[in-house]
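Asker: Here the protein sequences come in this chain order: X and Y. Counting in the working numbering, the first sequence runs from 1 upward without gaps. Counting in the working numbering, the second sequence runs from 396 upward without gaps.
The hints are simulated quantities; they were obtained by calculation from the structure and are not laboratory data. Hints are not guaranteed to be accurate.
[Unchecked claim] Taking beta-carbon pairs under 8 Å as the criterion, some of the chain Y residues facing chain X (in silico):
| no. | residue |
| --- | --- |
| 1 | M396 |
| 2 | R433 |
| 3 | S444 |
| 4 | T449 |
| 5 | I549 |
| 6 | T570 |
| 7 | V583 |
| 8 | S601 |
| 9 | L603 |
| 10 | K632 |
| 11 | D633 |
| 12 | A678 |
| 13 | Q694 |
| 14 | H769 |
| 15 | D771 |
| 16 | S775 |
[As the list claims (entries may be wrong)] Just the calculated beta-carbon pair ranges, DEER-fashion:
| no. | chain 1 | residue 1 | chain 2 | residue 2 | range |
| --- | --- | --- | --- | --- | --- |
| 17 | Y | D733 | X | Q127 | 13 to 21 Å |
| 18 | X | V42 | Y | D733 | 36 to 44 Å |
| 19 | X | E267 | Y | G435 | 37 to 45 Å |
| 20 | X | Q75 | Y | T644 | 40 to 48 Å |
| 21 | Y | R705 | X | Q75 | 51 to 59 Å |
| 22 | Y | I549 | X | E267 | 35 to 43 Å |
| 23 | X | P2 | Y | R705 | 47 to 55 Å |
| 24 | Y | Y680 | X | S218 | 36 to 44 Å |
| 25 | X | S342 | Y | Q551 | 33 to 41 Å |
| 26 | X | T310 | Y | G739 | 35 to 43 Å |
| 27 | Y | R705 | X | D77 | 32 to 40 Å |
[Unchecked claim] So the derived list for chain X, only partly shown, Cβ under 8 Å to chain Y, looks like this:
| no. | residue |
| --- | --- |
| 28 | G152 |
| 29 | G155 |
| 30 | A327 |
| 31 | Y334 |
From the three backbone atoms N, C-alpha and C, an ideal C-beta is built for every residue, glycine too.
Below, each chain spelled out in residue letters.
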Amino acid sequence: MPNGPLSGIRVFDLTIAMVGPWCAMQLGAMGADVVHVESRDVTGAGVPPSIKGQSIGYITWNMNKRGIQFDLKAQNDRADAYELLKTCDVFLMNMRPDVAGRLGVDYESVSKVNPNIVYVAVTGWGQTGPMRDLPGADGQIQHYTGFGSANGVEGSEEGEIYRHFTQMDATTGNYACQAILMGLLARKRTGKGQRVDVSMLRAITALQTGRVTEYLSSGNDPKPLGHKAQSVAPSQAFLCQDQRYLGVEATNEVEWRGLAQAIGKPELADDARFATNSDRVAHRNDLSAILEPVFASMPLDYWVLELGKTGVPCGRPMRWDEIKNHAQVTDNGYLVDIETKSWGTVKTGGPPWHFSKTPARWFRPSEYGEHSEEIMAEVRAELAADPKTAAARNQ
Amino acid sequence: MPGPLDGYKVVELAEGVAGPYAAMELGDGGADVVKVERLGGDRARGWGSSALGTLGSSFLGMNRNKRSVSVDIDTDGGAEVVRRLIADADVVIADAGWAQHPQLQPDALTSLNANLVYLCISEYGESGPLANRPPYGELSAQLASEATTSLGVIGQAPVRTATDTAQMFAGIYSTQAVLAALFARDEVGGQRIDISLFGCLVALRSTLWVALAHPDEWWGFHLDSYVKPQDFGYACKDGNIYFSINRATQEQRDQLYRDLNMEWIKTDPQYDLVNTDGAGGTARYAHLAKPLWEKAFKQLPKQQVIDAVRAIDGWAFEKNTYSELVASEQAKFIGLIDTRDHPGLGPVATVGIPWEFADTPASVRLPAPRLGEHADEVLSAAGYSASDITALRSRGVLAGA
Chain X
1 MPNGPLSGIR VFDLTIAMVG PWCAMQLGAM GADVVHVESR DVTGAGVPPS IKGQSIGYIT
61 WNMNKRGIQF DLKAQNDRAD AYELLKTCDV FLMNMRPDVA GRLGVDYESV SKVNPNIVYV
121 AVTGWGQTGP MRDLPGADGQ IQHYTGFGSA NGVEGSEEGE IYRHFTQMDA TTGNYACQAI
181 LMGLLARKRT GKGQRVDVSM LRAITALQTG RVTEYLSSGN DPKPLGHKAQ SVAPSQAFLC
241 QDQRYLGVEA TNEVEWRGLA QAIGKPELAD DARFATNSDR VAHRNDLSAI LEPVFASMPL
301 DYWVLELGKT GVPCGRPMRW DEIKNHAQVT DNGYLVDIET KSWGTVKTGG PPWHFSKTPA
361 RWFRPSEYGE HSEEIMAEVR AELAADPKTA AARNQ
Chain Y
396 MPGPLDGYKV VELAEGVAGP YAAMELGDGG ADVVKVERLG GDRARGWGSS ALGTLGSSFL
456 GMNRNKRSVS VDIDTDGGAE VVRRLIADAD VVIADAGWAQ HPQLQPDALT SLNANLVYLC
516 ISEYGESGPL ANRPPYGELS AQLASEATTS LGVIGQAPVR TATDTAQMFA GIYSTQAVLA
576 ALFARDEVGG QRIDISLFGC LVALRSTLWV ALAHPDEWWG FHLDSYVKPQ DFGYACKDGN
636 IYFSINRATQ EQRDQLYRDL NMEWIKTDPQ YDLVNTDGAG GTARYAHLAK PLWEKAFKQL
696 PKQQVIDAVR AIDGWAFEKN TYSELVASEQ AKFIGLIDTR DHPGLGPVAT VGIPWEFADT
756 PASVRLPAPR LGEHADEVLS AAGYSASDIT ALRSRGVLAG A
């Protein structure tokens with residue numbers, strides 16, 4: 001079995017809650033040896049539900065790691081942590097800016113122990129500015145960054161936030177993962193580690209690049225449009241004869257012609273009101289009024305077949321029972337089964353990237369401190385064999 | 396100072412959001428990105444505000460730090476341009492819409508360059524009955540992954556996220572994968588990577604899938620989106636806020652009731668609800684207690700409510716529109732928005748770069764390109780002579796400039 005793309009990399013994963021753990025989980029999936037450092041048993045804390053003391057959040061965000069127990073406020077443990085740090089390539093933490101110093105893991109301390117480490121700190125709002133010390137997590141980031149201003153039922157005056165919190169946390173973790181990988185690539189060239197900062201505020205504004213840039217260009221704040229797109233038309237859901245909604249999109253003029261043909265109204269493609277995407281956006285209500293009765297006249301599956309013939313993007317809502325058994329999911333391995341101590345077998349998202357030569361891996365979260373002795377034994381053996389840091393050896 | 400990806404060469408064969416965003420991230424990191432476009436250009440040039448012609452607002456945001464070459468890929472000459480660029484590249488970001496072209500099949504392209512990291516983005520994945528569909532459908536991916544169940548009114552029409560989350564998640568994961576493959580290249584050489592919009596959304600909803608392992612137990616503080624009503628925040632006199640005091644002591648709660656002039660709550664029949672499982676944020680019964688909190692909040696300006704909640708170590712934040720976000724002190728302080736002159740357009744603002752590298756800073760160096768703007772310089776670097784380029788242009792193979 002070939003190794004993941006990051007095999008040989010070791011990560012000091014001093015993270016809590018979701019943003020940091022999620023980031024490190026991705027690195028572990030790609031083959032890095034991620035050492036999750038915990039100072040107390042938090043397997044039962046955080047996100048309910050918990051079963052036998054282990055929380056759902058802990059299970060989902062801490063796969064692909066080994067676990068070690070350190071109390072960084074205690075001298076002995078801190079000394080051991082510094083030994084571990086000497087063998088690490090990456091340091092990751094997501095605590096508020098003032099916490100790192102108290103735990104002896106601010107950049108100055110860590111880079112003194114290991115000058116070649118890629119040190120990534122994730123915060124809510126940034127390392128500077130009036131909000132630097134405030135806490136940040138999914139819900140408030142959605143509100144603050146405007147993510148919640150543009151979603152909602154068409155015509156609603158007030159936008160709503162996405163009720164399944166975790167996506168903003170995960171997205172920030174994913175941006176932090178990019179930062180770590182770029183830091184490792186830069187180290188290949190420069191031979192040096194460095195400090196990198198990532199904030200939820202920057203990350204979630206970047207996630208909204210399309211909408212925010214539209215605002216910056218037009219000066220108009222977006223209003224909720226329900227299932228319709230802000231800048232593409234048609235891109236909306238239609239209620240079909242069998243009372244199911246079908247999402248239909250025409251993202252360029254070729255697809256628009258295909259749509260007009262598939263619904264038996266080829267003349268629409270030559271209608272000046274709908275000639276270009278900009279025209280269709282400007283006349284989106286006229287367009288909807290024409291298309292709605294057409295889709296209401298036949299069942300959803302009929303339209304999926306017809307639109308497929310002319311290459312028009314379309315799709316229908318699926319629920320969990322359908323998703324987990326769908327051939328697209330099983331054939332592409334988008335879900336994996338994980339054996340957990342507390343929960344038995346659970347299904348969760350697997351690797352979203354498919355590498356042809358360096359496949360990702362996926363394994364259960366460690367129990368609290370499960371690998372403490374094993375990891376420190378490895379670290380001492382490595383340092384005895386070669387007292388230089390792992391980072392220095394990589395040069 | 397050069398960025399972290401200084402020296403890497405990227406060729407983009409993609410349109411819309413996912414592929415272009417991934418390529419832009421590599422460009423932000425310092426890579427040299429050549430965006431190859433069909434003669435009509437990336438479809439996203441026509442998305443968003445049309446005041447800017449073929450530099451639509453969405454396109455401006457997704458395509459900085461790139462040079463554009465526009466060729467007729469249905470001709471041998473155009474396909475040869477693409478092949479020459481790829482022979483010398485480190486990375487190709489492609490999407491399934493491009494990869495289906497007979498002249499641009501992945502196997503033919505990867506055989507040109509053993510060190511090539513070739514990434515392809517599709518809507519639903521590279522296998523299965525919906526294999527290799529182009530990734531331009533945003534709503535379809537949101538619907539298929541049941542992402543739309545977390546917005547809108549239960550039982551009514553689906554509501555999408557206004558941001559193109561399916562395509563953006565795929566773009567972000569694509570960048571990760573390319574970076575990891577570049578890291579592994581010393582060991583294994585180039586390789587192919589596949590990513591899909593659907594697969595990325597399924598991954599992003601993992602927490603929910605695990606909760607559903609035990610449906611009888613699955614109530615969780617943010618996993619109950621199937622049963623909770625829409626969340627607009629809490630209305631104050633002059634706008635809405637987010638607030639949560641889940642961890643507050645009774646003493647702190649009492650202080651807050653005083654500061655918000657809502658001591659009447661103590662004799663209200665719903666006092667227990669407000670005081671325990673209804674204390675804002677993700678509290679289990681927050682939606683039931685909300686009208687009582689709002690009764691007090693609506694009498695006060697939002698800043699006063701925020702200050703009072705923060706005074707007891709609770710969490711409170713403005714619910715912003717984009718204009719409020721951009722105008723906020725924190726956004727200005729950290730330079731959240733990047734504004735620079737675009738030749739012909741004047742000042743153009745885009746979202747700043749999400750990572751801050753101390754020693755190898757990522758940077759905005761080029762504004763989004765006009766169609767085919769850099770054909771001459773890119774082709775001449777690829778070995779085409781001035782007369783070759785003129786000939787390609789006169790045959791209609793090469794557009795722009």
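Asker: A separate judgement is required for each hint: does it hold in the structure or not?
Answerer: Status of each hint after checking the structure:
A distance limit of 8 Å between C-beta atoms decides the matter here; for Y/M396 the minimum to chain X is near 10 Å, and the interface restraint is violated. Evaluation of the Y/R433 hint against chain X yields a violated restraint, the C-beta minimum of about 10 Å exceeding 8 Å. For Y/S444, the interface hint holds, since its Cβ comes within 8 Å of a Cβ in chain X; the closest pair sits about 5 Å apart. Because the closest C-beta pair between Y/T449 and chain X is about 11 Å apart, greater than 8 Å, the hint is violated.
At a threshold of 8 Å, the smallest CB-CB gap from Y/I549 to chain X is about 10 Å, leaving the interface hint violated. The interface hint given for Y/T570 holds, since its Cβ lies 5 Å from the closest Cβ of chain X, which is under the 8 Å cut-off. Annotation: Y/V583 was flagged as interfacial toward chain X, and the flag holds, the nearest CB pair being 5 Å apart, inside 8 Å. Taking 8 Å as the C-beta cut-off, the interface hint given for Y/S601 holds, the closest approach to chain X being about 4 Å.
With a cut of 8 Å, the hint placing Y/L603 at the interface with chain X holds, because the nearest CB-to-CB distance is about 6 Å. At its closest, the beta carbon of Y/K632 sits 15 Å from a beta carbon of chain X; the interface hint therefore is violated under the 8 Å criterion. Contact between Y/D633 and chain X, as hinted, is not supported at the beta carbon level, the nearest pair being about 13 Å apart and thus beyond 8 Å. For the restraint placing Y/A678 at the interface with chain X, the shortest Cβ-Cβ distance is roughly 11 Å, beyond the 8 Å limit, so the hint is violated.
Taking 8 Å as the C-beta contact cut-off toward chain X, the hint placing Y/Q694 at the interface is violated, the least distance being around 19 Å. A least Cβ separation of about 21 Å between Y/H769 and chain X goes past the 8 Å threshold, and the interface hint is therefore violated. Because the smallest distance between the Cβ of Y/D771 and any Cβ of chain X comes to about 27 Å, over 8 Å, the interface hint for this residue is violated. For Y/S775, the shortest C-beta to C-beta distance to chain X is roughly 27 Å, which exceeds 8 Å, and the interface hint is violated.
About 18 Å separates the C-beta atoms of Y/D733 and X/Q127, a value consistent with the hinted range of 13 to 21 Å. At about 38 Å, the beta-carbon gap between X/V42 and Y/D733 stays in the expected band of 36 to 44 Å. The hinted range of 37 to 45 Å is not satisfied by X/E267 and Y/G435, whose Cβ atoms lie roughly 23 Å apart. A beta carbon spacing of about 32 Å between X/Q75 and Y/T644 contradicts the range 40 to 48 Å that was offered as a hint.
Taken as a hint, the range 51 to 59 Å is violated for the pair Y/R705 and X/Q75, whose Cβ atoms sit roughly 35 Å apart. Taken as a hint, the range 35 to 43 Å holds for the pair Y/I549 and X/E267, whose Cβ atoms sit roughly 39 Å apart. With their beta carbons about 51 Å apart, X/P2 and Y/R705 fall inside the hinted range of 47 to 55 Å. Checking the proposed 36 to 44 Å range against Y/Y680 and X/S218 shows it holds: the Cβ atoms sit about 40 Å from each other.
With their beta carbons about 37 Å apart, X/S342 and Y/Q551 fall inside the hinted range of 33 to 41 Å. Against the hinted window of 35 to 43 Å, the Cβ-Cβ separation of X/T310 and Y/G739 comes to about 37 Å, which satisfies the hint. Look at Y/R705 against X/D77: about 33 Å separates their beta carbons, and that is inside 32 to 40 Å. The closest approach between the C-beta of X/G152 and any C-beta of chain Y is roughly 6 Å, which is under the 8 Å cut-off, so the hint is satisfied.
Violation of the interface hint for X/G155 is found here, the shortest Cβ-Cβ separation to chain Y being roughly 12 Å, above the 8 Å cut-off. Because the closest C-beta pair between X/A327 and chain Y is about 5 Å apart, less than 8 Å, the hint holds. At a threshold of 8 Å, the smallest CB-CB gap from X/Y334 to chain Y is about 5 Å, leaving the interface hint in force.
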